[in-house]
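Trainee: Sequence:
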Amino acid sequence: MIHHLLFFWFRKDASQADVEEVLAGMRSFATIPAVKSLSISENRDFPETSAPFTHAAVLTFDDVVGRNTYLADDLHQAVRRKAMSVLGELRTISVDTGRAAESVARDESRAPDGFSS
Numbered sequence: 001m002i003h004h005l006l007f008f009w010f011r012k013d014a015s016q017a018d019v020e021e022v023l024a025g026m027r028s029f030a031t032i033p034a035v036k037s038l039s040i041s042e043n044r045d046f047p048e049t050s051a052p053f054t055h056a057a058v059l060t061f062d063d064v065v066g067r068n069t070y071l072a073d074d075l076h077q078a079v080r081r082k083a084m085s086v087l088g089e090l091r092t093i094s095v096d097t098g099r100a101a102e103s104v105a106r107d108e109s110r111a112p113d114g115f116s117s
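Count the sequence shown with full-length UniProt numbering and you get residues 1 to 117, in order.
There could be a bad hint or two in this list.
[Stated by the list, open to error] Straight line, CA to CA, 25 Å or less: simulated SDA-like cross-link-like pairs of lysine to any residue:
1) LYS82 <-> MET1
2) LYS36 <-> ILE93
3) LYS36 <-> ALA72
4) LYS82 <-> ILE40
5) LYS82 <-> THR97
6) LYS36 <-> HIS3
7) LYS82 <-> GLU42
8) LYS82 <-> ALA51
9) LYS36 <-> PRO52
10) LYS36 <-> ASP62
11) LYS36 <-> ARG67
12) LYS12 <-> HIS76
13) LYS12 <-> LYS36
14) LYS12 <-> PRO52
15) LYS82 <-> ALA57
16) LYS82 <-> ASN68
17) LYS36 <-> GLN77
Derived from the structure by calculation, the hints contain no laboratory data.
Full structure from sequences and hints, please.
Mentor: Okay, here's the thing in structure tokens:
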């Protein structure tokens, strides 16, 4: 399972209409068959430690092929073009939770040095 995380903020000169258009466009990613789940939200906690990012999105895919299909999709490309015209910054990361879960399952009985339960 691949989780694709986006962290972003809108430029101060972005109109509310542009912000809403980009957020609606991002929500429409749920119509892309490769996208298994989608969550988008404003930052609800910890604004001091996450600045300047005000929003985040999490998209879930079965695998890297699904994520790459989404990245190449015409809808994603169109929304991305619009978003890049009003975003101050966008950072992304993809995490393979299948591999992470396997690693944790193997080592769950041993805490790293310096940590205890």
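Trainee: List, from low to high, the hint numbers that the structure doesn't satisfy.
Mentor: Numbers 1, 5, 9 and 13 - these are the hints that the structure violates, sorted from lowest upward.
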